[in-house]
Amino acid sequence: MPGTNGSAPSGTQVTFLEAIKQAMFEEMERDPAVILMGEDVGVYGGAFKTSEGILERFGWERVIDTPISESAMIGAACGMSYLGLRPIVEMQFIDFIVCAFNQITNFVAKGHYLWNAPAPMVVRGPSGGGVHGGPFHSANPEMYFVHTPGLKVIYPSTPYDAKGLLKAAVRDNNPVLFFEHKFLYRRIKGELPAGDYTVPIGKAVVRRQGKHLTIISYAAMMHTSLEAGEALAKEGIEAEVIDLRTLLPLDEETILNSVKKTNKCLVVHEDTKTGGIAGEIAAILCEKAFGDLDGPLMRVTSLDTPVPYAPTLEEYFLPNAKKIFSAAKELARY
Amino acid sequence: MKKELTRQQYLDLYYYMRLNRAVEEMMVKLFRQNKIVGGLYSSLGQEAISVGTAYALEKKDWLAPMIRNIGALLVKGVRPRDVFMQHMAKYDSPTKGKDGTSHFGDLDNLHIVSPISMLGDLIPVMTGVAMAGRYLGQRIVAMTWIGDGGSSTGVFHEGLNFAAVQKAPFVLILENNLWAYSTPVRKQVPLENLADRAKAYGIESYIVDGNNVLAMYSTAKEAVEQARAGEGPILIEAKTFRRMGHAQHDPAEYVPKEMRAYWEARDPIALYEKFLTGENLLDAKGRKEIEEKINTLLAKERDFAENSPLPPPEFAETGVYCTGDDCHKIRAKWERPIAEVTPPRSSVEAVWTVPGFGSGKGSGGAHAPIHFGDTQPAETKPAEAGKSAVQAPAKAAAKKTVKAVPASASRKARR
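Top line first, the protein sequences correspond to chains A and B. Okay, so the first sequence: first residue is 1 according to the numbering used here, each after it adds one. Okay, so the second sequence: first residue is 1 according to the numbering used here, each after it adds one.
No wet-lab data here; the hints were simulated from the structure. Each residue gets a CB set at the ideal place from its N, CA and C atoms; glycine is no exception. Please note that a few of the clues may not be correct.
To be verified - Quick look at which bits of chain B chain A covers, simulated, 3 or more residues with Cβ under 8 Å:
(1) 84–91
(2) 236–249
Stated by the list, open to error - Non-contacting residues of chain A with respect to chain B, defined by C-beta distances greater than 12 Å in every case (computed):
(3) Ile35
(4) Gly59
(5) Thr66
(6) Ala77
(7) Gly150
(8) Glu191
(9) Arg208
(10) Gly236
(11) Met298
(12) Pro306
Stated by the list, open to error - With a straight-line cut-off of 20 Å between C-alpha atoms, the simulated EDC-like cross-links for lysine to aspartate or glutamate are:
(13) B/Lys361 x A/Asp292
(14) B/Lys167 x A/Asp31
(15) A/Lys261 x A/Asp304
(16) B/Lys293 x B/Glu24
(17) B/Lys288 x B/Glu273
(18) A/Lys167 x B/Asp325
(19) B/Lys274 x B/Glu253
(20) B/Lys361 x A/Glu52
(21) B/Lys333 x A/Glu61
(22) B/Lys59 x B/Glu24
(23) B/Lys167 x A/Asp65
(24) B/Lys333 x A/Asp65
(25) A/Lys49 x B/Glu349
(26) B/Lys361 x A/Asp65
(27) B/Lys167 x A/Glu235
(28) B/Lys333 x A/Glu29
(29) B/Lys361 x A/Asp31
(30) B/Lys329 x A/Asp65
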């Protein structure tokens, strides 16, 4: 089984979840300064089993089951990082990261700017909806933190990126928040290289080439956007799909290059509409590519409500390929 | 105390208390001259706490000050000019003008973590420092301070509980100065002794006369040694009084006159001078020498601070991120064999056994639940007694080991 020692033979298809587990195994294997801390990460192997087997491999000193105290674990990770450790802190569900909002935004994020104290640490956890988790187990709280200078915010969509970006996050000298869309955990598989690799933080990638419009997305919605892209192609509309991968710092160059080519931009995110990354991208395009736009920037996002529980409500709340398709068709008409 | 202090140590404590007070007095002057950019806080009357506790640390140990712990910073080796420049937002200050007051640190040399204004956050952070030090085999102790008001924050409890669960080598000094801004401690906490908070986390606590520097030092020394020996975190409540307002702008008219008078008569520096004179450790000449030494030093330090420029405006844009090895080479300092924490030596059995209840999957071992068939239920274990040095006079505290007295006994004694 690939998960037990963290290595997979070349050519093996692994799940998104397995990729994350491999990244943690390999980084802990590579560097004894890397430790894992969180609720139920040790004995139980994590609520989603992302750390299954890590305790057996690395022992109690490096795999720390914590009390239900998000502020304490994130504060402690910050203190550990000051002595050169590189802690990974798991939020059992990323919804609970806001319990440590002050620690992250005031202590962890500001240290380097204010007193030249780097805090190499990663806070990671399962995020996002579509699995009927209800209002407190489905959140996409990334934008609270994208608004916080000093943090890096990663939200990958493929197993390859998840592994490569998590490794890069562990090696980064800054605090990195790493969002793992739980809908992708066991649904998305990908091939991983046998050897060590990282994916650069702060670089978006073009997932689908196109010339009529640009769809910018990330995480689970990247896959939904690609699905819409295929449907659009059947109608003769070639959409270019960009996967942001990192939300902070944002890769403006890839966004601008694409929009200057297609002249139209649709942003799709599972986060709610007001204050989502689409608004920031709209502002960047207005500032730097206003003359290149042939149509309005459009958004397909979740509703401006909490995430509802009932399947009918949640489905209505979330973006889907049909909503993206309709918006893209409307945009293509400009 | 294992042994009496040397003459030099007695005089060090005096010097640092005097220096602490003189630095703050000079800053009041600078404040009145509009040379201090923001707020100015005072530890007047609380110098014995900062100085006595920080003096119990070794060089390799870590501390994180709060706003009334300038004294602790001076003991740890911070130069007065750095304190002045922080307050004056100068470019040569430790934060180069990006933050003020005691909000600065030094990871590499002095082992100081900067505080933030949100109270209590340092407790889990210093717990992490303590845990990392233990993990790396450094045998360090981490220390920080909190007030009576700060002990009401959620993170105080999260942090202290986590430290206790982890048996972290961490010492927390709770300065009960009776006032959180204008709110008296009675509205903050429904307890006579804030040290009682330690009971909730099963850790040891002490109650100390915060205006008695020798009691502060000897108790902190004992706590630091216990923590270093792996006995877990310790809470020390220092009973004291905030002589000034919350900050310079606050005349603190809400404080009863009688209360102020009571504590002003118990000035920690005056009390200690009396002790030193009585023990023939200090005479008028020695005192004058120390005063002159401090005056000369601070005049020089103030001049340096005043001559430092404000940071150039565009400096505001720099330093949000660490840019990598060119910015900071982050290397953990291992003082134990790395092999102990790397597989296969770090590996543990994938099965745990609870006596009388069989086995479970998931490597429990020593970390197994405490009342799943434990022979003795947790409730019957004797509670850890708080220790008190609250009524030990300076001389007694200096001469002999502070005897452990249960916190409840000291409560009774004072009623």
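Exercise. Looking back at the hints listed earlier, which ones does the structure fail to meet?
Worked result: Hints 1, 2, 3, 4, 5, 6, 7, 13, 14, 15, 19, 22, 24, 27, 29 and 30 contradicted; others consistent.
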